[in-house]
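K.L.:
The whole structure should be built from the sequences, with the hints applied where relevant.
Single-letter residue listing:
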Amino acid sequence: DAGITQSPRYKITETGRQVTLMCHQTWSHSYMFWYRQDLGHGLRLIYYSAAADITDKGEVPDGYVVSRSKTENFPLTLESATRSQTSVYFCASTFSGANVLTFGAGSRLTVL
Amino acid sequence: GDSVTQMEGPVTLSEEAFLTINCTYTATGYPSLFWYVQYPGEGLQLLLKATKADDKGSNKGFEATYRKETTSFHLEKGSVQVSDSAVYFCALSGARFRGGATNKLIFGTGTLLAVQP
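Protein chains in written order, with the working numbering: chain U, 1 to 112; chain X, 113 to 229.
Simulated from the structure, these hints should not be mistaken for laboratory data.
Incorrect hints may appear among the rest.
Simulated pairs of lysine-lysine, DSSO-like, Cα-Cα distance not exceeding 30 Å [claimed, not checked]:
hint: 1; chain 1: X; residue 1: Lys168; chain 2: X; residue 2: Lys216
hint: 2; chain 1: X; residue 1: Lys172; chain 2: X; residue 2: Lys161
hint: 3; chain 1: X; residue 1: Lys161; chain 2: U; residue 2: Lys57
hint: 4; chain 1: U; residue 1: Lys11; chain 2: U; residue 2: Lys57
hint: 5; chain 1: X; residue 1: Lys189; chain 2: X; residue 2: Lys172
hint: 6; chain 1: X; residue 1: Lys189; chain 2: X; residue 2: Lys164
hint: 7; chain 1: U; residue 1: Lys70; chain 2: U; residue 2: Lys11
hint: 8; chain 1: X; residue 1: Lys161; chain 2: X; residue 2: Lys180
hint: 9; chain 1: X; residue 1: Lys189; chain 2: X; residue 2: Lys168
hint: 10; chain 1: U; residue 1: Lys57; chain 2: X; residue 2: Lys164
hint: 11; chain 1: X; residue 1: Lys216; chain 2: U; residue 2: Lys70
hint: 12; chain 1: X; residue 1: Lys172; chain 2: X; residue 2: Lys216
hint: 13; chain 1: X; residue 1: Lys161; chain 2: X; residue 2: Lys189
hint: 14; chain 1: U; residue 1: Lys57; chain 2: X; residue 2: Lys216
hint: 15; chain 1: X; residue 1: Lys216; chain 2: U; residue 2: Lys11
P.N.:
This is how it looks when you write it as C-alpha cells:
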C-alpha cells in the first residue's frame, strides 16, 4: 500500500528497555522526520533525515537514536526507555524543497 | 527564534456555529503558514496553507488569511459540523534544514475542537 506506515501502533514497555519504532514510506521522499506529541507542547522534532545515511538532531534528541540505511525506512530507537519518553510518536516525510509534510498514524508508547 | 502561538482549547461549539481559532506567529523573513488537522486516532494532515502575505488558504469550508501586519493566520469556518471535531495545529516554515532546501516546520501546541450535535 502506498503511504507512510508506522509500527507498532501501540507499545507498552518498562523503564530501561530498548524500544524501536519503525517508519516506512513508499514515495521515495528524501526527507523523513520523527516528532513526539505531548500535551501542552504540541509537536517537537526529535530527529530528521535529509537522505539515506544523512541524519541530524532536532529539538529534543536526547535518549533517541536513528538510522537511515534505506530511503524508505527511518527507525527510531529508545536505547534505554524512561517514563518521560511516554508519548505519541509521529513519523513524517516530504520531498526536498517541499514544506508540506505527510504524517503516519502515530505510535503510542507507554513506559512504565 | 521562530514560534507559533495558538489559542488554548478545548473549543466547544454547537453544530452550525461559527468557528475561529486564533494563531499568531513570530518569525524572521517571510515564512509560509499552515493549518494541519488531526482527527482522533490519526496522524496530522494538511488542511490549508498560505505562502505569502494577504494569501488566503481554503479547504473543506475552512479559511485562513496570512496577515503580515498583525502576524496572524486565524482559522475560520462559517458552520461547523460534528465531523470537524479534531485537534488543529497552526505551523510555519522556519529556517532551512542544514544543507537542504526544505524548511523546518514550527508547530503550535494545538487546539482541540469539539462540536456537539
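K.L.:
Evaluate each hint against the coordinates.
P.N.:
Status of each hint after checking the structure:
no.	hint	in the structure
1	X:Lys168 with X:Lys216	holds, 22 Å
2	X:Lys172 with X:Lys161	holds, 13 Å
3	X:Lys161 with U:Lys57	holds, 26 Å
4	U:Lys11 with U:Lys57	holds, 24 Å
5	X:Lys189 with X:Lys172	holds, 9 Å
6	X:Lys189 with X:Lys164	holds, 21 Å
7	U:Lys70 with U:Lys11	holds, 24 Å
8	X:Lys161 with X:Lys180	holds, 14 Å
9	X:Lys189 with X:Lys168	holds, 13 Å
10	U:Lys57 with X:Lys164	holds, 29 Å
11	X:Lys216 with U:Lys70	holds, 22 Å
12	X:Lys172 with X:Lys216	holds, 26 Å
13	X:Lys161 with X:Lys189	holds, 15 Å
14	U:Lys57 with X:Lys216	holds, 12 Å
15	X:Lys216 with U:Lys11	holds, 28 Å
The structure is consistent with each of the numbered hints, conforming to all of them.
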